[in-house]
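Undergrad: Numbering (the working numbering), first residue to last: -15 to 91.
Among the hints, a few may not be true.
[What the hints assert, rightly or not] Each computed EDC-like pair below joins lysine to aspartate or glutamate, with the alpha-carbon atoms no more than 20 Å apart:
hint	residue 1	residue 2
1	LYS23	GLU12
2	LYS27	ASP17
3	LYS45	GLU84
Honestly, the hints are just simulated from the structure, not real lab data. Just so we're clear, the structure is a prediction, and the values are computed from it rather than from any experiment.
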Amino acid sequence: METKKINNAIPKASQINRDQLLTIGDLEAFKNDLLSEIKNLLKESKGQLRKQWLRSSEVRKMLGISQGTLQTFRVNGILSYTKVGGIMFYSYQQVIKLMEGGKGMAG
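Work out the full structure: start from the sequences and follow the hints.
TA: This is the structure we're talking about:
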């Protein structure tokens, strides 16, 4: 029997249908393939993983400022924020720029 590759390069003989039974070996092979793909993706993105948004407590710790000073930064437009469900989030990039001496980071 000749197998032809169709739809996502899956050989016709191994296409999964609704009534097909899966063995434990099939599941283990799928698990290993999936873990391998996840590991490859993590290797590719290593070093790129960084928080984009910070909570108020993280910003205060990074800048060494009080809650009142952070509020002053918000009110004066020194540091912009986004409020989601009552929690304020700040851009990591803006906090870094502020640490480097940038002013007027809002926007």
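Undergrad: State for each hint whether it applies.
TA: Here's how the hints hold up against the structure:
{"no.": "1", "hint": "LYS23 with GLU12", "result": "16 Å, holds"}
{"no.": "2", "hint": "LYS27 with ASP17", "result": "15 Å, holds"}
{"no.": "3", "hint": "LYS45 with GLU84", "result": "15 Å, holds"}
The earlier numbered hints are all upheld by this structure, with none contradicted.
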